[in-house]
Structures are given as C-alpha cells and as structure tokens.
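Residues per chain, in single letters:
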Amino acid sequence: MNRLWTLTTKEARDGFRNRWVIMITLVMTALALILSFLGSAPTGTTSVSPLAVTVVSLSTLSIFFIPLIALLLTYDSVVGEAERGTLTLLLTHPVSRTEVILGKFMGHLFLLTIAIVVGYGVAGLTISFTGEAGFADQEWDSFLRLLLSSVLLGAIFLSIGYVISSWVSERGMAAALAIGIWLMFVLLYDMGLLALLASDSGEGINGELVKWLMLINPTDSYRMFNLMASNDTALLSGMAGLSSDHRASDLSLIMIMLLWIITPLVAAIAIFKRRQL
Amino acid sequence: MNNITLTSVSKEYGKTKAVDNVDLAVSAGECLALVGHNGAGKSTLIKMVLGLISPTMGNVSVMGHNPMTAPFNGVRRDIGFLPEQVLFQNNMTGRETLEFYARLKGLTRDGLDDLFRRVDLMYAADDRIATYSKGMRQRLGLAQALIGSPKLLILDEPTSGLDPVSRQNVYSIINDMKSAGTTILISSHALTELDSRVDRVAIINRGKLLALGSIADLRQNIGLASEIKVHAPVNSMKIMTQHFGDKCFVNGVAQFSCPADEKIAFLKELMGLNISLADIEVNDPSLEQVFMALTQTEGHVHE
Chain A
250 MNRLWTLTTK EARDGFRNRW VIMITLVMTA LALILSFLGS APTGTTSVSP
300 LAVTVVSLST LSIFFIPLIA LLLTYDSVVG EAERGTLTLL LTHPVSRTEV
350 ILGKFMGHLF LLTIAIVVGY GVAGLTISFT GEAGFADQEW DSFLRLLLSS
400 VLLGAIFLSI GYVISSWVSE RGMAAALAIG IWLMFVLLYD MGLLALLASD
450 SGEGINGELV KWLMLINPTD SYRMFNLMAS NDTALLSGMA GLSSDHRASD
500 LSLIMIMLLW IITPLVAAIA IFKRRQL
Chain B
12 MNNITLTSVS KEYGKTKAVD NVDLAVSAGE CLALVGHNGA GKSTLIKMVL
62 GLISPTMGNV SVMGHNPMTA PFNGVRRDIG FLPEQVLFQN NMTGRETLEF
112 YARLKGLTRD GLDDLFRRVD LMYAADDRIA TYSKGMRQRL GLAQALIGSP
162 KLLILDEPTS GLDPVSRQNV YSIINDMKSA GTTILISSHA LTELDSRVDR
212 VAIINRGKLL ALGSIADLRQ NIGLASEIKV HAPVNSMKIM TQHFGDKCFV
262 NGVAQFSCPA DEKIAFLKEL MGLNISLADI EVNDPSLEQV FMALTQTEGH
312 VHE
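So the sequences go chain by chain: A and B. Under this note's numbering, the first residue of the first sequence is numbered 250, with each subsequent residue one higher. Under this note's numbering, the first residue of the second sequence is numbered 12, with each subsequent residue one higher.
Hints are not guaranteed to be accurate.
To list a few chain B residues with every Cβ distance to chain A over 12 Å, as calculated [to be verified]: (1) V60; (2) A81; (3) R88; (4) V97; (5) Q100; (6) L173; (7) K219; (8) K249.
Covered stretches of chain A, going by a simulated chain B footprint (3 or more residues, C-beta under 8 Å) [as the list claims (entries may be wrong)]: (9) 252–261; (10) 326–338; (11) 341–354.
No lab work stands behind these hints, which were simulated from the structure alone. Just so it is clear, the structure is predicted and the values come from calculations on it, not from any experiment. Where is the CB? At the ideal position from N, CA and C, for every residue including glycine.
Between the sequences and the hints, there should be enough to build the whole structure, so can you do that?
As structure tokens, this is what we get:
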C-alpha cells in the first residue's frame, strides 16, 4: 500500500513539475469561460438557469477535450519510461507490475480531477455570480453531475491510454494509436451510427438496439448522462423530445462508464505483465 | 552457498538465441565479471537474473528464489541494480530521485546524504538532474544501486562514459562493497581495468559461455604465452641468441614468448647463462588478450 502511494505521488508530482497541471487547468478554464459566456448570451431572459446552459456547453466541450488530454497524459506513460530505461530500473524494485499501472492511474486521475474541478468550477462560479438568478437557484445538481461524470470520462481514457502504452514498443506508434482511438470514440463512432440510421428507412432497425449501440460508446453515455440531467438541460440540448423509454437510467449510464474504466485497466495490467523488457 | 545459479539457461527472441545454454553460479561474496562484445547476451543474462524476463529454457535461481515468482519481491530490496543506460527524470533533483527509489525499497530518506558523499555528489544533491553532466548521472545511478546496502549488486557497464577519476571512484566503491561481503555481478568491456578487481570472469560470445574462471586460470587454459623482454649489453645478446636460437627474437631487446607454466624454468635457464643483464620485463597476457583469443577462435568455428 505504501509503495502504491509512493508511485501515485511520484506521478502526481511529475504533473506539477512539468507544469502540465497548470497548463491544462488554464486551458480548461479559458475554454470553459468562453463557452459559458457565449452560451449564455442567447438565453436572454428565459426561465432557463444560466448554469444549465453552461452544463450543456461544457459537456459538449468535454466530449472532445477530456478524452484528448487523458490520452495525451498516458500514451507514453509505459512506453516512454521503457525508452528512457527507468521502467527496467523501477521493476527491479519490490513493486508489482499491477502496482505500477495502478499508481500511474491514481496519480494521473488526481491531476485530471484538479484540472476539471478547477477549470469548470471557475466557469460555473463565474456564471452563477454574474447571472441574474440567485446563487442557490442555480442548477447545482446538474453541475455536480457534470464534474463527476467528466472525471469518470477522463478515467476511461486514462485506462485506454495505458492499454495503448503497455502494448506498443515505440512512442510514435503509441501517439498514432491514441489519436486513432480518440477519433474513433468522439467522431467516427457517432458518424457510423448516423449512417446506419440514415441508410435505414425507418422500419428495420430496433430503437432499443440503436440506443444500446449508442450507449456502448462511453462518450455517448457521458453525453446522455449530462444532457438528460434535468428538464432544462434536456430542453436546451434538444433531448426533451425523447420518450422516457428511450432514456437510460442514471445507474446504467454510470455502470457503463465504470465498466469502461475497469475493463481497459485490467487489460492494461494483463498486457503490461506480458511485456518483454 | 550460491547467490545466483543459472542452470542450462537459454533465451530466444524469435529465432535468435540471445543466451544459449549457459550454466553459471556466483557464490556469496564473490565478484564475477561478465565480459563480451556488445550484443553478446550480457544484458539479457542480467535481465533474467533480475526477473525482468523469463528464460525460454532452463532455471534461474537468485538468493534461493526464482526471480519470476512473487516471493522474489521480498528479495528485491536486497538487490542493487545499475542499468546500462538510464535517463532519470530531468525535472527531479538527485535527492528526490533517490528518495523515490528508497521509499520503494521500504526505506526512508535518512542515509541518502551518506550515499551522495560516497559517489561525490553531495554538492549537487539538491540540483535538478537536468543540470547534471553524464558522469554525474552515472554516479547518481550508482548511488541508487547502493540504496539500502544491497547483498547483491548488479552493475551493467558501470564505468561507461566516465572520466578516469570517476572510474577509479567507481572501482573503489566496488572494492568497498566487496570487502563488506556483497556479491557483485558486473558486466563490462573495460577489460584492462577489471584485471585485478574481480574474482572470476565469465566470457560470453554470441550468447554462449566461452570460458569461466579466474583470469590466471583462463590464461593457462587457453595457452596464451607470456612475453618476456630482456634488456642486455650486446655481448650478452649474442650469447642469448646462440643459446636459445629460434626462441629468441632480437629487436634491440631480446624477446621471448613463453607458456605460463614454463616461465620459471625459462628464467632459471636464463640466469644459468651467467651473463650481465640490464632489465627483465615479464608481461602476462591481459584479460583483453585472453578475451580476443577466445572470441576469435570462436569466430572461426562459426565461419
């Protein structure tokens, strides 16, 4: 346990040392603020809480941005250390390969959580203080859901990053795979689904099947989780028209996301254990 | 009691045999040098001893455990390792780096000062590694290997890239560890410097163990002759050429090539001539010559 803590704090400290945390937090804050203000402009004096608008904007931002930074953080975490020679040295110490991956995961998750909570928190607080609605009347529930699910989304792509990194033998290969994985999850998968729906004239495909095909993709689970968070967010994102049987329960969405964290993490550990040094 | 035992160990990568049927034992307190060309299989052998890779065939036992099994983790805190090339993280200080590895071994940061002093890095302990020279990094690596006073010290090319002063420093640390009873496995191609410092040498070429023994034994076994040079006045030279005939080659000085076990007899014979001599040099073949002789004959066998 002590060794796991040592590995975790080392990764976390690295993140602060190379200014990764500062940079990413600043970028996240800036993007979040820009999106929030742009997003809240057209609402005017509707009854919709400005924070709900922010949640919708930020969750759209997160789907692109959080997987990207999570993959950037992890794609060379194993293969990079292998190339520098520190991995060989590390593994001659009394640590198991499982501990090495878990330590990296916990350290990186800590860094990502800071970036998300600070970046989005600043945006959320700014919006709620500058808005006309009272602080307590804001959609804080939706906002907390956003923070929690964004951390989960980040954790998913951290785990996937370790799979890539412990599998390949060169950094360049890991980078290329990371980009490919990112494109697939945030863009190509949904395009494929759309194409599937468009090619079908409306009778053949089972709605339930499409729903689950969509939810298998963790970024879509994340989207569903946030956009359906409340009547406001659903209304804003055009999800309000969905009948209740097309929605998935919060619990099942969270389960899907947790599965997407645990499965790649277990796979990464298994692959790393077989890795030749 | 052996610290390291390799029994018919082979390691194949695809079709290439990086290590080919090696039997090797290092007893407690012994200092054994692995000598071979680059790519001869030294590092592969070391990785199997450290439990980083598993042998394709054969058994490895280190301090009574198979390095690929979980209980070996308990032994790892007693092993110090200096990799052939390690790039420590530039944005950490030397002290933070050592502290990290010390904590992994279940130790605290106490005693790190002592290590920094031993490798002559105390003045830079709190500087970022980015500011270190190559020699300083190598010394930091050595300090890392010495954390927790290991019972088994494994050094892969410990002197590569070091200036002569740092090299001597490394060798004096190795001597200290040896007298403290540490078992040392050292791989190197700095052959001339190893001569007097190791108990036994294992010569490896293309994954095979070519020879194993003390340097004196190896000389004897492969029949490399010692070279004896005699400086003497001209008339003594004449007498020598007459007496020894073909065995003597005069080139300003008289040179004799003489098998190690005939050295004494030869010198007695020389003294028996009762001529005036200015000086005698006796040069035994160095580890380098032994190594070249062995790897070259092996090369011919392959070709």
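Hint check:
1. For V60(B), the requirement that its beta carbon stay farther than 12 Å from each beta carbon of chain A is not met, with the minimum near 10 Å.
2. Chain A draws A81(B) into its interface by the beta-carbon criterion, the shortest separation being 8 Å against a cut-off of 12 Å.
3. For R88(B), the non-interface assignment is contradicted: its Cβ lies about 5 Å from the closest Cβ of chain A, within the 12 Å cut-off.
4. At roughly 4 Å from the closest C-beta of chain A, the C-beta of V97(B) falls inside 12 Å, breaking its exclusion from the interface.
5. Listed as a non-interface residue, Q100(B) fails to keep its Cβ farther than 12 Å from every Cβ of chain A; the least gap is roughly 7 Å.
6. Against chain A, the non-interface label of L173(B) holds: every CB pair exceeds 12 Å, the least being about 17 Å.
7. With a closest Cβ-Cβ approach of about 21 Å to chain A, K219(B) is found to remain outside the 12 Å limit, as its non-interface label requires.
8. Every CB of chain A is more than 12 Å from the CB of K249(B) (nearest about 62 Å), matching its label as outside the interface.
9. With 4 residues carrying a beta carbon less than 8 Å from a beta carbon of chain B, the segment 252–261 of chain A meets the three-residue requirement, and the given coverage holds.
10. Only when three residues or more bring their CB closer than 8 Å to a CB of chain B does the claim for the segment 326–338 of chain A stand; here the count is 5, and the claim holds.
11. Remark: the segment 341–354 of chain A is confirmed as covered by chain B, as 5 of its residues place a Cβ nearer than 8 Å to a Cβ of that chain, reaching the required three.
Taken one by one, the earlier hints fail for this structure at numbers 1, 2, 3, 4, 5, listed in ascending order.
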